[in-house]
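A.B. asks: These are the residues of each chain, in order.
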Amino acid sequence: MHQGEETKIDLLKNLLLNDDRLEINALKLKIKHLEDLLESKKQLSKKVDPIIDKKLDAYTEEIPIALGPVITESLKNEIENSKDQVVDALYPIIGKMIKKYIQKEFQILSEKINSQIKKRFSFMGFFRTAKSKFTGVEEDQLILNQIGETEIQEIYIIEKNSGILKGNYSITKTIDKDVLSGMLTAIKSFVEDAFKTGNDNLESIEYGLYNIHIQNFKTYYIAVVVHGVFDANYQQKLKDKLLNFSKKHYKATASNSKLSNALKTSFS
Amino acid sequence: MSNSKKIVLLGHFGVGKTSVMRKYVTDEFSSDYKVTIGVHILKKDVEDISLILWDIEGTKDINRINKSYLLGAHSFIITYDITRPSTFQNLESQITGLKKDFPNALIKVIGNKVDLLEKTAIQEDRDKQIVSITDYLTSAKTGENIETLFLSIASELSK
Numbered sequence: 070m071h072q073g074e075e076t077k078i079d080l081l082k083n084l085l086l087n088d089d090r091l092e093i094n095a096l097k098l099k100i101k102h103l104e105d106l107l108e109s110k111k112q113l114s115k116k117v118d119p120i121i122d123k124k125l126d127a128y129t130e131e132i133p134i135a136l137g138p139v140i141t142e143s144l145k146n147e148i149e150n151s152k153d154q155v156v157d158a159l160y161p162i163i164g165k166m167i168k169k170y171i172q173k174e175f176q177i178l179s180e181k182i183n184s185q186i187k188k189r190f191s192f193m194g195f196f197r198t199a200k201s202k203f204t205g206v207e208e209d210q211l212i213l214n215q216i217g218e219t220e221i222q223e224i225y226i227i228e229k230n231s232g233i234l235k236g237n238y239s240i241t242k243t244i245d246k247d248v249l250s251g252m253l254t255a256i257k258s259f260v261e262d263a264f265k266t267g268n269d270n271l272e273s274i275e276y277g278l279y280n281i282h283i284q285n286f287k288t289y290y291i292a293v294v295v296h297g298v299f300d301a302n303y304q305q306k307l308k309d310k311l312l313n314f315s316k317k318h319y320k321a322t323a324s325n326s327k328l329s330n331a332l333k334t335s336f337s
Numbered sequence: 007m008s009n010s011k012k013i014v015l016l017g018h019f020g021v022g023k024t025s026v027m028r029k030y031v032t033d034e035f036s037s038d039y040k041v042t043i044g045v046h047i048l049k050k051d052v053e054d055i056s057l058i059l060w061d062i063e064g065t066k067d068i069n070r071i072n073k074s075y076l077l078g079a080h081s082f083i084i085t086y087d088i089t090r091p092s093t094f095q096n097l098e099s100q101i102t103g104l105k106k107d108f109p110n111a112l113i114k115v116i117g118n119k120v121d122l123l124e125k126t127a128i129q130e131d132r133d134k135q136i137v138s139i140t141d142y143l144t145s146a147k148t149g150e151n152i153e154t155l156f157l158s159i160a161s162e163l164s165k
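Going line by line, the protein sequences match chains R and C. Residues in the first sequence are numbered from 70 upward in steps of one, following my numbering. Residues in the second sequence are numbered from 7 upward in steps of one, following my numbering.
Honestly, the hints are just simulated from the structure, not real lab data. Glycine included, C-beta positions come from ideal geometry on N, C-alpha and C. Be a bit skeptical, because a hint or two may be false.
Some chain C residues near chain R, calculated using beta-carbon distances under 7 Å [to be verified]:
| no. | residue |
| --- | --- |
| 1 | Ser10 |
| 2 | Asn69 |
| 3 | Ile71 |
| 4 | Leu77 |
Based on the provided sequences and hints, a complete structural model is requested.
C.D. replies: Take a look at the structure:
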């Protein structure tokens with residue numbers, strides 16, 4: 070080929086391929102830039118990641134301490150201010166739990182009743198039938214009473230004005246009896262004073278399966294903590310027993326130990 | 007006979023009744039002030055006597071207290087805050103009233119927060135007069151005179 074022809078071909082190549090070459094060069098530059106960027110990010114990440122991890126760990130530990138009380142307080146306020154919504158949200162869960170509990174209790178009760186009925190022809194069964202006919206109390210009521218046996222858990226003799234404990238008997242371990250006597254007297258005084266019902270006295274406090282029967286005397290009162298069925302019949306018997314106890318054993322000058330022993334003998 | 011004695015603590019809001027009682031019973035002073043609601047009862051055994059301490063809700067006027075809380079008390083501790091004159095303004099008339107209603111009860115007057123006394127030195131004649139009818143200047147914070155106060159009450163009640 071002649072030299073002149075070669076120059077022409079080069080010129081033609083330049084004319085035809087110039088744009089593509091420019092584009093390729095620009096792409097090469099872009100790829101190089103991206104490669105540099107990736108490399109520098111990797112290097113940066115190596116240096117920065119441990120610092121970030123450390124900071125995150127520190128935040129994880131510090132945030133509950135710093136924000137815990139604030140969040141708790143906010144939640145409390147939120148619950149306080151939106152009781153209905155909270156109840157609506159919890160009802161399906163709590164409702165199911167209560168339903169399950171009641172079903173279980175009914176099952177236990179049913180089993181106990183079946184067991185009592187099976188014993189119908191035992192000596193106790195005949196005794197119960199006879200007792201029912203004699204007292205006029207329905208036999209099923211007697212069965213229920215046997216199931217939920219009533220038990221005296223604690224008895225306190227307390228000076229009316231001062232709330233000072235004069236004697237006590239207990240089958241359970243309780244908080245300080247002197248403090249309990251004082252608090253019971255304070256509650257009693259508060260109720261009697263708040264409702265201003267003349268000379269009427271607080272005579273009963275109920276909580277769950279427990280019942281505190283309060284029998285008032287002139288200068289003292291006797292508080293009896295009863296667990297189980299506390300019907301009118303049992304209450305009347307208890308009242309009579311407490312009256313007899315008072316006549317027989319109570320003296321203002323009696324020592325705490327003497328009264329406590331008398332309670333134990335009479336009610337255990 | 008029972009060896010328990012009812013001691014009632016009276017005084018304005020924030021004079022330190024609960025702190026005095028807590029310092030004596032549990033030897034703790036809490037800076038977290040909590041307003042007493044109604045009545046709070048604690049017990050401390052001193053030798054052969056049980057002191058049943060009734061910490062009554064603070065009020066400006068003793069006549070507004072539920073009187074039944076005071077019944078049967080063997081002793082009253084009237085507490086005022088030595089740094090706040092408003093807490094001992096009607097002290098003398100309150101003592102007179104208590105003596106009239108409970109002639110057999112032992113009455114002790116204490117000026118609490120004596121640890122802050124330097125900052126608010128007693129200067130007024132009237133304040134000096136109040137201090138003169140005070141049995142003990144106490145500090146629930148440092149424990150100053152707290153034990154002495156209750157021991158003297160136990161001692162006098164056991165006579």
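A.B. asks: The structure should be examined with respect to each hint, and the outcome stated for every one.
C.D. replies: Structure-based check of all given hints:
1. Ser10: 5 Å, holds
2. Asn69: 14 Å, violated
3. Ile71: Because about 11 Å separates C:Ile71 from the closest Cβ in chain R, which is outside the 7 Å limit, the hint is violated.
4. Leu77: It holds, given that the least Cβ distance between C:Leu77 and chain R is near 4 Å, below 7 Å.
Hint compliance for this structure: hints 2, 3 are broken, all remaining hints hold.
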